[in-house]
Amino acid sequence: MQTYLLRRLLQSVPTLLGAILFVFLLFNWVGGDPAYVLAGKFSSPEQVEAIRRQLGVDQPLYVQLWIFVRQMLTGDFGLSWATNEPVANILATRLGPSLTVLLPMLVISTVIALAAAMLAARLRGSLTDRMVMVSCTAGQSISILVYIIVLQYLLGYRLEWFPVQGWGNSLGQNLLVYSLLPVLVGVLVSLAPDIRLYRSFFLEEVRQDYVRTARAKGLGEARIMVVHVLRNAGIPVITHVLIQLPALLTGAFLIERFFSIPGIGREVILAVERSDFPVIKAVTVYIAMATIAVNIITDLVYRALDPRVRLE
Amino acid sequence: MRRKQAIMAPEGNRAPMHRSKSWFSQVLSLIPAMLVPWLAMIMMGPGMTGLGVQQAHAAAPEKARMPGEVRKVLRITFQAAETGFDPARISDYYSGMVIEAIFEPLLTYDYLARPARLVPNTAESMPEVGEGGRTWTFRLRRGIHFTPDPAFKGRPRELQARDYAYAIRRFMDPANRSPYAFLFEGRIAGLDELAAQAAKSGRFDYDAPVAGLETPDSHTLRIRLREPDLGFAYIMAHSLTGGIAREVVEAYGAEVGAHPVGTGAFMLGQYTRSSRIVLTANPGYRSERWNFSAGTDPQALALDEKIVSVMRGRKVPAIDAVEISIMEETQSRWLAFVSGDTDLEYQLWEVAPRFMNGDGTLKAEFAQRGIRLHRSVDPEIVYLHFNTGSTLGEGGAANPLGGFTPARIALRRAIALAWRIDDQIAIIRKGQAVKASYPIPPGVAGHIPDYRGILRHDPRTANALLDRHGYARGRDGYRRQPDGSPLVVRFSSMPSERDRQFDELMKRSLDAIGIRVDIHKDHFAELIKQQKQCRLMMRMSSWIADYPDGDNFMQLLYGPNTGQSNSACYRSPEYDALYERSRRLPDGSERDRLYRDMTRLMEVHTAWRITDSRYRNVLTQPHVVGYKTHPVMPAVWKYLDIDAAAASNRRDVR
Amino acid sequence: MNTATDLNVAPDAVPRLPPRTGLGQLAWLRLRRDAVGMASLVIVAAFFLLTLGTAVSWIAADWAEVKAPSNAPPGRHLPPVQAVVDPSAVADPSAIPDPLAGVLAEIAAQTVVAGSVQGAESWLPLGADRWGRDVLAKVLKGTQTSLWVGVSAALVAVFIGTLLGALAGYWGGRIDDALNWFYSVLTSMPYLMLILAIAAVLNQKGTMTVVLILGLTGWTGIFRLVRAEYMKQRVREYVRAAESLGASHARRMFGHILPNISHVVLVQLSLHVVSFMKSEVVLSFLGFGVAIDDVSWGSMLNESQSEVLLGNWWQLAAATVAMGLLVTAFSLLTDALRDAMDPRLAHRRGD
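Chains as they are written, first to last, in my numbering: chain A, 271 to 582; chain B, 391 to 1044; chain C, 13 to 363.
Chain A on its own, in the form it takes in the complex:
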C-alpha cells in the first residue's frame, strides 16, 4: 500500500513538471508582455525596460523556469503583476465561492441523476426510459449560455424567485440566497449528460451474473437495484464526480461571470486578459495537483468499494 502510494506520488512528479513546462513555454510565447500596459499611457522605452527588469521577464528563460519550479516547491508564487497582491491571497479568496457553488451543484445533480438513471435502467426499453433519454438528449443539446441568459431573465428578473446575481459575505447567505440560481443552472446543465452516463453504468451492471444470481434467489427488483447494482455502479459514478471537480473549478466561468460569483474561473479569465503570469502559473500548478490527487483518491476509492481491484 505504502509503496503504491509512494509510486503514484513519484509518478505525479513528471506530470507536474510537464504541466509547468507546458504552461511556462506557452505563456512565455503568447502570454503577452504586460510591461507596456503596466507602464501606463505615457511611458518611455526606459520605463518599460525597468518594469521588465522588475518583473524578471528580461531574464533568460531557464532562469525564469527555475524561479517557477522554486515557487512551486515553496508554494509561494509571489505577487500578482496586475494588482501587486500575494497570489496565494488571491486564490484563497477565490476558492471558497467556487466551492460554495460547485459542491451543492455536484451533490444535487449526482443524487437526482442517480435516481433518474436507476429508474430508467430499471424500466429499460420502456416508454418511460425512452422519454427520459430523449428529453435528456434534447436538454443536453442546448448551450449553457442559453440556459444562463434565459433562466437569469425568467427566474431572477421576471418571476423574482431568486436574486438576479450577487454575492454576500456569509456562507449562509451565499449558500441559501445567492448560489441558488447558479446551482440550479449548473444542475440543469449537468443533469442530462449525467443521467445518460449513469444509466449506461447501471445497464452494464444489470447484465452481470450476480444480478441473475440475486434474481434467481428471489430478491425483489428494487432491492437488487439499490443494494447490489447501485453499490457496483457507484464506483464509476464516484470517479466521474471526483474527476469533474478540478475541471469545474475553472470551467464554471460562465456561471461565475453572469452571477457575479468571485470564483476561480473568473479569475483565470481576468489573469489571462491582464497577462498576469504569476496567477496563471499558480492556478495551473494547483489545478494540476488537484487533478493528480483526485486521480489517486479515485483509485483508492475503487479499492475500498471493490475488493476485486488490486493496487499494485
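It is worth saying that the hints were derived from the structure and are not from the lab.
Yeah, the Cβ is synthetic: ideal placement off N, Cα and C, and Gly gets one too.
Some hints here could point you the wrong way.
Unchecked claim - DEER-style ranges, computed between Cβ atoms: (1) G345(A) - E548(B): 36 to 44 angstroms; (2) R983(B) - E133(C): 49 to 57 angstroms; (3) G36(C) - S396(A): 28 to 36 angstroms; (4) P673(B) - R428(A): 37 to 45 angstroms; (5) T751(B) - R428(A): 20 to 28 angstroms; (6) V247(C) - W431(A): 57 to 65 angstroms; (7) M50(C) - N439(A): 55 to 63 angstroms; (8) W431(A) - V333(C): 23 to 31 angstroms; (9) L280(A) - G36(C): 43 to 51 angstroms; (10) E548(B) - A107(C): 54 to 62 angstroms; (11) G345(A) - A754(B): 52 to 60 angstroms; (12) D749(B) - W70(C): 42 to 50 angstroms.
Stated by the list, open to error - A few chain C residues facing chain B, derived, Cβ under 7 angstroms: (13) A103; (14) I119; (15) G299; (16) F300; (17) I304; (18) N314; (19) L321.
Fit chains B and C to the known structure of chain A by using the hints.
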C-alpha cells in the same frame, strides 16, 4: 501535518503489503500531506467559505446613529475588476474612483459648475501662482486627520504638506512603476534628476531635497516647475495626487494597495478583491456641509436649483456607506438595477433602448417608478487611428498605410471617408453617442461645438480617390496597390463581443470601397505593446480626459510622443511647431485658433478618423437625491444622499 | 474481418443472416429496426444536405446582405435607405492646404448627386439581426459552419487520439510511458487555460482556428479508450496469427486491430461532433469564434446575448432551436449507432 507524515512513514514500512485493513484511513491522512501547498492555501486564506473579507482598518467605531435610523447605503457596480488602491500604482478607471473617495487632492472641482471649475479641497484657498505659472504655493487647511490606522500607533495623524510632497515623489520612484508618473515627469525642478539617480542606484531617496518641492512649514507646499505651466492646477486636482502618509506606505509595503489610508469622506471597509468593495463614511471627516450654488449652464439650471434646494446644508458625506459589486455582464447589471438591487447604474449602453426613448428621455414605465435618467456626454473621444509611419515598427515590414505621399494619404483618407459612422452610432452604440469630429470633447477647455471637419461618410468620393491614385480593382473586386502588389490593411482589436462589432463595421465599410481587411486579434497587453512600437496599422482607441484641458488631447498627435500616447505615430513638423506654441498659451481664442489648424493638419494627413463621444446615461433609483454627473470627477458619492423615506420601500433596507 | 468471432458473441441477435455478412452490414440491419435511430439519421442527413447546399451557394448565399432595418422583427421589410452623400458636408475653411485638394475638386465636379437608393422588399420569417441581415439565412449558413467545425474538429481529435492511443496500447513500454505522460500533463492542466493559450498561439484566423483549438485539446478521452482497446486486442489470437504470417507492425496495428475497434472510434467520433458543436458557442463567448465574414450558431448566440434584453429574441431562439434539433438528432443517432455496432450490447434491448 508534516509531523504526522514523519511518524507514519516508518509505521507504514513495517506494515505488510496485504494486511491493509487500516490502510484506507492511513492513506486519507497522507493525502493532505502531499497537498500541503494546496490545503495550506485554503486554510491560510480566510476565503474558504466566502468569508474572505479583508478588514482593511482596525475596526473603526461605528457612527453614532439614532435608534431606528436606517443605514444609508449606496449600492453601485463596476464593470471591471479593480487593481488596487495605491494611487502611485494604478491606472484603471475603477480603482481611481475608489481612490478618489479615500484620498484627497489639494484641489477639487465644484460639484455643479460647468464647465468644470477648480475649487480648493484640502488647500485653504486656491494656490498662489508666481512667475507666470512657474511657482505654485499651496496652503493646507489645519485640523484634517487621516483615518486611524495601526501604522499611526494610536496617535491621531494630521494631514501635512509633506504628505503631498511624498505622494508626488512616490510617482517618480521607479520601484512603483507608476502608470501616472507622466503627471509629474519633466515638470518639477530637480525631481527627474532624483528619479534618474534612483534608476541607477536602485533606491529612491525620499529624504533627498528636491529644489522644486519644498515645505517651508508643515502646512505649506511650494512647487517650482521647470517651465511655466498654467495648467498645473489641474494636476493637483487629479484624483491620484491625494496626500498619503509615509508611515502607512512603509508599514504595509507591497500590500499598501489593499490598505489605503486617507483623509477623504470614505474609508475602505470590507474588501473582497475583484468582487465587493465597501466604503464606509469616515467618522472623523471634517465637518463639512453641502454648499454649492447652481452653475451657469442655462440648460442645467432647473436641475441644479432643485439639487441645491434639497441638498444645501446637509452633512458631507450624507450616506453611511458605498457598496460596490463587480459585475462584468451587462445583462446582470441591468437586471440588478431594475430589480432594485443597485441604486445607481450607468454602464448600460448595450441595453439603452430598453429604458430610453429615441429622443433620449426615460421610458414612461421607468419614469413612473420614480427612476431618473441623467444624461451627459463623456469628456472622451473615440478615434480610429492609422499608423502613419512608413514601416511597421522600427525596421519592420513596409506599412501600406504609412507615409505622406499623395497615394498613401489618399488611401487613409478613403478609409476614413468609407467609415460608416451612422451605423456605428445607431447599431453599435444604440444611439448612445454623439458624432465627433474635433479632438477635444465637450466639457473640456478648448472644445469647439460646431466644428465641421473634412472627414465624413462619403464612400463615393473614397472610391474615386482610390481610382485616381492607382489602386485598381483586381478580378476578385478588391483593390491592389499602385505597383500591382496585393493590398491588405490590418485592423487590430481584442477578442470580445463588442470589438467584434467594430470588426464587422470595418469590414462592411471597407468592402464598399474594395479594400481587403485582415482582422488581427490579440489581448490588450500585446496590442498596447505593438501599438507603442508602431507595429499596428489601424486600431480604435478612446481617450478620456485626465484633466479638463484641451492640451490633454492635442498632445496625442505630438511627434515626440510617438511610442507613448501618439498611437498614430504621427510625425508632422508643422503640427509639432503649432503644438509647442500652444503649450505657452492659456485657454482662449488664440490657443483655439492653433488647435483648429492642428486639427485640420491631422485631417488632411488623415492620421485619425475621430468617430464619437459616448453618452453617459446614469440611472438612479427614486431614493437617490442630489445626483449630478461630473465630467472629470466620477466618484461624487459624498455629495449625494439617500432619501430614507423612499428607501424604506426598497427590498432590503439595512 | 473476423466475422465468425463476432457472430459467436451475439448469435441470437441476428438470427437468420447469411454467414458472411460484414460487421457494417449487421450494424445497418440493427439500426434499421430502430425507429428513433432512423428518424435521427434522416434529420442529420437533412442537415448535411443543407450544409452541402450552403457550401455550394445554392442556399443562403446572400446571408451577409442587408435586407431590413436593424433588429427588425419577423415579417416583410425594406432595407434601410442609404443616403449617398452627407448633406452637411461643408467643412470649416482653413489656411491649412490639403494635398488632395485638386483631385477632390475634380471628383466633386464629376459626381452627380444622386438620390437615395431603395432596395427591394423581402420576407424575413425569423427577423433580422443588428446589421439587418436575414436571421433565417444566417441560421442556414451557420449550420454549415457549426457542422463543419464539429465534424472536422472531431476528425482531428479522433485522428490524434486514435494514432497516439494505438501507438501507446500496441507498443507499451517506453512509448506508452511517454504518451501517458503527455496525456496526464494535458489532462491535469486547467482546460480553460489550455484553450486560452492555444487560441493565443493560433491567433484567430477564423474557422480553422476553432477546429484546431477543439481538436488539439479534445483528443485525450479517445486516446484513453483506444489505448485500452489496443492493449486488449494485441494479445488476441488473430493478431498473433497475423504476426506469424509475417504481417508488419503497422499492418497489425492498422490493418488488423483497427477494424476490430472501429465501433469504439466511430461512436467517439460522433460523440465529439456533438460536444464540439456546443464548445464552439463557449469559444465564441471567449472571443475565439469564427471570423467576421462567417457566421456560426455560436456567434449568433453571442450576438443575441445583449439583444435579448432589448426584446429581440428571434436570433437567440432561431439559433437555439436549430442547434437543439441537430444536436439532439445527432446524439440519438450516436446512441442508436452504439447499440447497433457493439455486438455485445445487441441483446441488451430485450434484456
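| message | For each hint given before, does the structure comply? Return the numbers of the non-compliant ones in rising order. | response | Violated: none.
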